[in-house]
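Protein chains: 2
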Amino acid sequence: MGRWTPGARGRLQRAAFELFAERGFEQTTVAEIAARAELTERTFFRHFADKREVLFAGQDELTARMVAALADAPAELSALDAAVRAVEASTEFFDGSPDGPRARQAVIDAHPELRERELIKMEGLVSAIAEGLVLRGVPASAASLAAASAVAVFRRGFERWIAAEQGPDLARCIREAVAELKAVVAGG
Amino acid sequence: MGRWTPGARGRLQRAAFELFAERGFEQTTVAEIAARAELTERTFFRHFADKREVLFAGQDELTARMVAALADAPAELSALDAAVRAVEASTEFFDGSPDGPRARQAVIDAHPELRERELIKMEGLVSAIAEGLVLRGVPASAASLAAASAVAVFRRGFERWIAAEQGPDLARCIREAVAELKAVVAGG
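As they're listed, the protein sequences go chains R and W. Following this note's numbering, the numbering of the first sequence begins with 1 at its first residue and continues without gaps. Following this note's numbering, the numbering of the second sequence begins with 1 at its first residue and continues without gaps.
Just so you know, these hints were derived from the structure itself, not from any lab. A virtual CB, placed ideally from N, CA and C, is assigned to each residue, including glycine. Treat each hint with caution, since some may be false.
Claimed, not checked - Dumping the calculated DSS-like pairs for lysine-lysine here, alpha-carbon to alpha-carbon at most 27 angstroms:
| id | chain 1 | residue 1 | chain 2 | residue 2 |
| --- | --- | --- | --- | --- |
| 1 | W | Lys121 | W | Lys182 |
| 2 | R | Lys182 | R | Lys121 |
| 3 | R | Lys121 | W | Lys121 |
| 4 | R | Lys51 | R | Lys121 |
| 5 | W | Lys182 | R | Lys182 |
| 6 | W | Lys121 | W | Lys51 |
What the hints assert, rightly or not - Far from chain W, by Cβ distances over 12 angstroms, these chain R residues were calculated:
| id | residue |
| --- | --- |
| 7 | Arg23 |
| 8 | Phe25 |
| 9 | Asp99 |
| 10 | Glu131 |
| 11 | Leu135 |
Chain R extracted, bound-state conformation (with noise of 0.2 angstroms):
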């Protein structure tokens, strides 16, 4: 989701990234990307599938993360704070500033086939942390609604952090958010 890592890896983001910035997504080759990372295709196509993969290569090692918090979140945590704990793992994937993830976020927008991508990435992550509540003895119904609660508040929480050039910092974006649907939800 935007955060390089180092190495060939690293390096093949961030190319993609500028590249995507400056031509466009579409206007963007693999062969340019490995050029501006001074790599050859062939390394690039030992990381990445096609260039769109590039896009969510991170997001399936966020959902990881957020499953492995899960995990090890106390078993005294209601379900929701525990899907809490898992969505706030994110705050340790991203590397503290918001332009990657922005970068990203806007190429995706601007794609429809793209959005639909990420909706069903989100849609995984809500199963995942499902299927994490329900291995910590939540029921499945109890464990389906506060999933979807907390990836929710991520999205909300992440909007809100990427939005703003001089913003609060994630994990107060996301505390927020879960404020916020307390809130909506008491009131309701």
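Fit chain W to the given chain R structure using the hints.
Chain W in isolation, oriented as in the chain R frame:
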């Protein structure tokens, strides 16, 4: 979403669902659907762009009804209550029996590309409800959380409704999902 409207459209929908159940979605052709409904292919294409659209035509109507119910909801309702009022309008849309919706869901669940399409429609529903809430004066951020919560409740209630052969009706399934959401969020 599986409710049969009267006339040619309803006959085509019923014929399509029968054939999807008997032969599978891929193996069913538009020519066969039209023949089963005792109508021409030309009539089919007057109502639906392709056989996939038979599955999703109802969902647009459902979204429109929900948005209308939201606009009609009393001004004093909280954001969540108003959003729940919207998704409760689904109970008028479905005709009482979960058999049609269950048959439709079985086709969709068996095909990843149809599940993706449904997911995109659900996201469209979240956006439509959030926009409706903003028109009622709810701040954008609370509107998106209330809309996401109401749609999570709808999905959970709908899932439960179609799961049971002799279970509670959809209205009750939705009410119970609302109560469950409140318990999950208050407990967190």
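Is it the case that R/Arg23 keeps its Cβ farther than 12 angstroms from each residue Cβ in chain W?
With a cut-off of 12 angstroms, R/Arg23 remains clear of chain W, as the shortest Cβ separation is near 28 angstroms.
Need the status of pair R/Lys51, R/Lys121: alpha-carbon distance at most 27 angstroms?
At roughly 17 angstroms apart (the allowed maximum being 27 angstroms), R/Lys121 and R/Lys51 satisfy the hint.
Distal placement of R/Leu135 relative to chain W, Cβ over 12 angstroms
Given a closest Cβ separation of 17 angstroms, the condition holds.
Does R/Lys121 lie within 27 angstroms of R/Lys182 when you go C-alpha to C-alpha?
With Cα atoms ~25 angstroms apart, R/Lys182 and R/Lys121 stay inside 27 angstroms; holds.
Would the pair W/Lys121 and W/Lys182 pass a check requiring their Cα atoms to be no farther apart than 27 angstroms?
holds (25 angstroms)
Within 27 angstroms, alpha carbon to alpha carbon, are W/Lys182 and R/Lys182?
At roughly 9 angstroms apart (the allowed maximum being 27 angstroms), R/Lys182 and W/Lys182 satisfy the hint.
Under the criterion that the straight-line Cα-Cα distance not exceed 27 angstroms, is the pair R/Lys121, W/Lys121 satisfied?
holds (15 angstroms)
Any Cβ of chain W at or closer than 12 angstroms to R/Phe25, or is the non-interface label fine?
holds (19 angstroms)
No chain W beta carbon within 12 angstroms of R/Asp99's
holds (22 angstroms)
Least C-beta distance from R/Glu131 to chain W larger than 12 angstroms
Its Cβ never comes within 12 angstroms of chain W, the nearest being 16 angstroms, so this holds.
Given pair status - W/Lys51, W/Lys121, alpha carbons within 27 angstroms
holds (17 angstroms)
The structure shown violates none of the earlier numbered hints.
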